Amino acid sequence: MIHLSDITKEFGSNKALSGINLEIEAGEFISLIGPSGSGKTTLLRHLNAQHLPTSGTLTIHGEHVPTLSPKALKALRCKIAYIPQDLGLVSSLKVYQNILLGKVGHFHSLTMLKKFLAPSKSDLETIHQVLNTVGIPEKLYDTTSTLSGGQQQRVAVARALFQNPHTILADEPVSAVDPARAKSMVELLKEIATKNNITVLMSIHNIGLAVEYFPRVIGLRKGKLVLDSTSPNEQELASLFELDSQDLIG
Amino acid sequence: MELSTTKTLFGKRRGFILFSLVLLCFCINLTDIKWADFKLNHYGVNAATEFFKAAFNPAFDYPNKEELPSTIPPYYEKIIKAAWVTVKYATCGFSLAIPIGIFMGFFASRSWWQFTRSKWIPRATAQLLHRFVRILITAGRSIHELLWGLLFISAIGTTPFSIIAAIAIPYGCTLAKVFSEILDEQESNCRDQIRLQGGSPFSSWLFGVVPLAFNDILSYALYRYECAIRSAAIFGFVGIPTLGYHIEAAAAEGIGYYGEIWTLLYVLLGIILVVERLSCFARKKLNSPQQSKHPHRSLEQLTKYRPKRFYLKFFTAFSVLLFIFVWNHQTLIPATQWLDDESMMSNLSFQQRWENFTRFLDKELTPSTVRNSGDWSQAFPWAKELFLSKGIAASLQTFYIATSAMILAWLSAICVIPWASKVLNSPQPFGVHKGNSRLQAFIRGAVALFLRFIFIISRSMPEYLLAFLLLVIFPPSAWPLIVALAIHNFGIVGRLGGELVDNRDFNHAKIPLLQGGSRAHSYFFSLLPTHFNRFLLYFFYRWETCVRDATILGMLSIASIGLEIKEAQARDRLDELFFFILLGAAIVMIGDLISDTVRSRIKETQ
Numbered sequence: 000m001i002h003l004s005d006i007t008k009e010f011g012s013n014k015a016l017s018g019i020n021l022e023i024e025a026g027e028f029i030s031l032i033g034p035s036g037s038g039k040t041t042l043l044r045h046l047n048a049q050h051l052p053t054s055g056t057l058t059i060h061g062e063h064v065p066t067l068s069p070k071a072l073k074a075l076r077c078k079i080a081y082i083p084q085d086l087g088l089v090s091s092l093k094v095y096q097n098i099l100l101g102k103v104g105h106f107h108s109l110t111m112l113k114k115f116l117a118p119s120k121s122d123l124e125t126i127h128q129v130l131n132t133v134g135i136p137e138k139l140y141d142t143t144s145t146l147s148g149g150q151q152q153r154v155a156v157a158r159a160l161f162q163n164p165h166t167i168l169a170d171e172p173v174s175a176v177d178p179a180r181a182k183s184m185v186e187l188l189k190e191i192a193t194k195n196n197i198t199v200l201m202s203i204h205n206i207g208l209a210v211e212y213f214p215r216v217i218g219l220r221k222g223k224l225v226l227d228s229t230s231p232n233e234q235e236l237a238s239l240f241e242l243d244s245q246d247l248i249g
Numbered sequence: 000m001e002l003s004t005t006k007t008l009f010g011k012r013r014g015f016i017l018f019s020l021v022l023l024c025f026c027i028n029l030t031d032i033k034w035a036d037f038k039l040n041h042y043g044v045n046a047a048t049e050f051f052k053a054a055f056n057p058a059f060d061y062p063n064k065e066e067l068p069s070t071i072p073p074y075y076e077k078i079i080k081a082a083w084v085t086v087k088y089a090t091c092g093f094s095l096a097i098p099i100g101i102f103m104g105f106f107a108s109r110s111w112w113q114f115t116r117s118k119w120i121p122r123a124t125a126q127l128l129h130r131f132v133r134i135l136i137t138a139g140r141s142i143h144e145l146l147w148g149l150l151f152i153s154a155i156g157t158t159p160f161s162i163i164a165a166i167a168i169p170y171g172c173t174l175a176k177v178f179s180e181i182l183d184e185q186e187s188n189c190r191d192q193i194r195l196q197g198g199s200p201f202s203s204w205l206f207g208v209v210p211l212a213f214n215d216i217l218s219y220a221l222y223r224y225e226c227a228i229r230s231a232a233i234f235g236f237v238g239i240p241t242l243g244y245h246i247e248a249a250a251a252e253g254i255g256y257y258g259e260i261w262t263l264l265y266v267l268l269g270i271i272l273v274v275e276r277l278s279c280f281a282r283k284k285l286n287s288p289q290q291s292k293h294p295h296r297s298l299e300q301l302t303k304y305r306p307k308r309f310y311l312k313f314f315t316a317f318s319v320l321l322f323i324f325v326w327n328h329q330t331l332i333p334a335t336q337w338l339d340d341e342s343m344m345s346n347l348s349f350q351q352r353w354e355n356f357t358r359f360l361d362k363e364l365t366p367s368t369v370r371n372s373g374d375w376s377q378a379f380p381w382a383k384e385l386f387l388s389k390g391i392a393a394s395l396q397t398f399y400i401a402t403s404a405m406i407l408a409w410l411s412a413i414c415v416i417p418w419a420s421k422v423l424n425s426p427q428p429f430g431v432h433k434g435n436s437r438l439q440a441f442i443r444g445a446v447a448l449f450l451r452f453i454f455i456i457s458r459s460m461p462e463y464l465l466a467f468l469l470l471v472i473f474p475p476s477a478w479p480l481i482v483a484l485a486i487h488n489f490g491i492v493g494r495l496g497g498e499l500v501d502n503r504d505f506n507h508a509k510i511p512l513l514q515g516g517s518r519a520h521s522y523f524f525s526l527l528p529t530h531f532n533r534f535l536l537y538f539f540y541r542w543e544t545c546v547r548d549a550t551i552l553g554m555l556s557i558a559s560i561g562l563e564i565k566e567a568q569a570r571d572r573l574d575e576l577f578f579f580i581l582l583g584a585a586i587v588m589i590g591d592l593i594s595d596t597v598r599s600r601i602k603e604t605q
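So the sequences go chain by chain: A and B.
Per numbering that gives the first Met the number 0, residue 0 is the first one in the first sequence, and the count goes up by one each step.
Per numbering that gives the first Met the number 0, residue 0 is the first one in the second sequence, and the count goes up by one each step.
These are calculated hints, taken from the structure and not from any lab test.
Don't take every hint at face value.
[As the list claims (entries may be wrong)] Under the rule of at most 30 Å between Cα atoms (straight-line distance), these lysine-lysine pairs were calculated in the DSS-like manner:
no.: 1; chain 1: B; residue 1: LYS292; chain 2: A; residue 2: LYS102
no.: 2; chain 1: A; residue 1: LYS114; chain 2: B; residue 2: LYS509
no.: 3; chain 1: B; residue 1: LYS509; chain 2: B; residue 2: LYS11
no.: 4; chain 1: A; residue 1: LYS120; chain 2: A; residue 2: LYS182
[What the hints assert, rightly or not] Pairwise CB distance ranges (calculated):
no.: 5; chain 1: B; residue 1: LEU581; chain 2: A; residue 2: SER54; range: 53 to 61 Å
no.: 6; chain 1: A; residue 1: SER68; chain 2: B; residue 2: PRO306; range: 54 to 62 Å
no.: 7; chain 1: A; residue 1: PHE10; chain 2: B; residue 2: GLU186; range: 17 to 25 Å
no.: 8; chain 1: B; residue 1: THR315; chain 2: A; residue 2: GLN84; range: 53 to 61 Å
no.: 9; chain 1: B; residue 1: TYR75; chain 2: A; residue 2: ASP85; range: 23 to 31 Å
[Said to hold, decoys possible] So, partial list: chain A residues that the calculated Cβ filter (under 7 Å) puts toward chain B:
no.: 10; residue: VAL89
no.: 11; residue: VAL103
no.: 12; residue: HIS127
no.: 13; residue: TYR140
no.: 14; residue: ASP141
no.: 15; residue: LYS189
no.: 16; residue: ILE191
no.: 17; residue: ALA192
These numbers were taken from a predicted model, which means no experiment stands behind them.
Using N, Cα and C, we set each Cβ at its ideal position, and we do this for glycine too.
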């Protein structure tokens, strides 16, 4: 489904990714692990064409991503949900409005505005259902800024689900929360992904979570793919985070 | 390493304060005013005493009732009508300014096109449109509303439209500028997120930028409505029957009418304070997020008990009704007709007005030398002569007045803020127990409340009106203009600075208190140095406005651009009037440019 062949990404003289080869099948639940600056975010950003590779081949569902037309790119993005570290929620909007924005790519701006200001009953029912799935249906009409960090994460997941995606890309969504909340978020995503056959790629720092919940772990270090394992052990993953003296000064 | 004890004297912050003090002396010296100009003569002392005594004895009836015919309407009716006319003009003008602000603000903002890849709106076209609209709004707001009023009155006569348009244009342009800045300053993460979900650039702007900016935009619009009421009041000085008109008339009558001046001032302050409190309330409500209070889980129950904003609906309905009401032609005429037999809506037909307007454009605005010779090459020598003979001196005088006033206002405000701040004067500043007795706490609280009240009163008083009243008491010099501008801006900077100190959580400000320092130590050695750049931003933001206001204060017969405008109007030399208005606009534009450049530099360093 997602195929990366010899992907390299350079930002000026800095090589962020180097010779990445990957095959990802539909419905896989994958964690991307590696120290800061290892290229996890850059790799994720290639998968919804935020970045284009400097060289190499990137295809999603058989389509060569760098050559997609704006229309095809839009269609691709409608099917790939992205949850950034800061969650990208509009804090001054109601929860249901933020979730509605999951389908922003499906409608014309004015149709979206109409839905936004006066949502239809069917939209509200779907959103309510999605909020039920993430466990916070009672927050439907609350202003997003009143929610706790954990609840906001769930809204971001709900927004991704409402988008009806085939893939969810999550960029360190649990790095800013306590271990219990991080665990509950990963459990939730796994349950949803398994139930709906959604591919999930999540970048995390937490080795314990990676080993416990992810059937496949991809390890990156200095822009290179150094691990792609379906049965990783904690020691193997910990070695990814070992720093040399230059890293410490940097 | 060699240690120097003098080096720190000229650090950035102290350097700026020292420089501003030197500049203040320099400007005051060059405005050709002396401290002695503050000295009141016998008449001045008498007038000042009577004027301030009248503050405690405002008029509740006509001072010369026995001389007036019995048919004259009751006194309270005169006051209410003047207040109503003021509110009506402000509301009419402002209701036009809002769509102008939204429309032009959209095009003046970069936020909607910056990331567009649409083939229909190429970046270059959008950028060109953006630049064009920015120039238009800078030009529109560079001319003070009073000067727009003079131009419209000269072109089509004294009609309500002249005043409404005179308020709508500069206010619309100011709203456009600020709206566009608010839109451009929003964080880009929500917009980026929407684009990554397949949203178009317009959708990402509409749903990722506008909702974040909405509350700030509405807050600013409400603040400007308050300013529009002040502006409508000073249109009285060009013959429009608002509160300013009656204040000027009462002042012209002399000492016996000071009570009436105070009545009118109290009414004006009352209106502004009511609008200010209402908009404060609306802003507070808007900024308070909503949360369900009932733990329902079904969609039906959630929808039934969802949090609703009744006050917002009420506020919107009230604003719409007010706009409809003030725009009703019938309500506009009688309020102006009762003044005298000649209504402001004179009997000129549309045809005659159109002819007047075309004559104004074709002939009266044309430089006199060109009009006589028909040769446009004469225009430049004419303009050069005017500029050299009067323009340079008037422009410099305007600059000196604005700069001295702003320095005085800024320095006084930053010195007063520690005693006006709610948080610093609470029994536990920043949560640190200070051990004050109840009496000490009460005195502190009362002083802070009084100073904040002074801030509100100072900024509620239109600077033009303040200058006019000061000129009633003091001998004619630039001092009353400087003091009036300084008082008004003292109130504004005081409020902004107070909000900065009170509405944020500053952990660093606790440290001096926890180390045994006083509240003043916390302010002067922690808050002020840390947020000095923010205070500098306030300085330049208001200095730009001061330059704009200083261009009209000269119309009170004190040498500056305003005086040249007034004299040209008195001599019916509309070409010269237009020249000086344009010169004033050019000075304001230069002020804008300097302020914008300095502010963006300051923002970069923050």
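Here is what the structure says about each hint:
{"no.": "1", "hint": "LYS292(B) - LYS102(A)", "result": "holds (29 Å)"}
{"no.": "2", "hint": "LYS114(A) - LYS509(B)", "result": "violated (48 Å)"}
{"no.": "3", "hint": "LYS509(B) - LYS11(B)", "result": "holds (24 Å)"}
{"no.": "4", "hint": "LYS120(A) - LYS182(A)", "result": "violated (34 Å)"}
{"no.": "5", "hint": "LEU581(B) - SER54(A): 53 to 61 Å", "result": "holds (59 Å)"}
{"no.": "6", "hint": "SER68(A) - PRO306(B): 54 to 62 Å", "result": "violated (44 Å)"}
{"no.": "7", "hint": "PHE10(A) - GLU186(B): 17 to 25 Å", "result": "holds (22 Å)"}
{"no.": "8", "hint": "THR315(B) - GLN84(A): 53 to 61 Å", "result": "violated (37 Å)"}
{"no.": "9", "hint": "TYR75(B) - ASP85(A): 23 to 31 Å", "result": "violated (59 Å)"}
{"no.": "10", "hint": "VAL89", "result": "holds (5 Å)"}
{"no.": "11", "hint": "VAL103", "result": "holds (4 Å)"}
{"no.": "12", "hint": "HIS127", "result": "holds (4 Å)"}
{"no.": "13", "hint": "TYR140", "result": "holds (4 Å)"}
{"no.": "14", "hint": "ASP141", "result": "holds (5 Å)"}
{"no.": "15", "hint": "LYS189", "result": "violated (22 Å)"}
{"no.": "16", "hint": "ILE191", "result": "violated (17 Å)"}
{"no.": "17", "hint": "ALA192", "result": "violated (18 Å)"}
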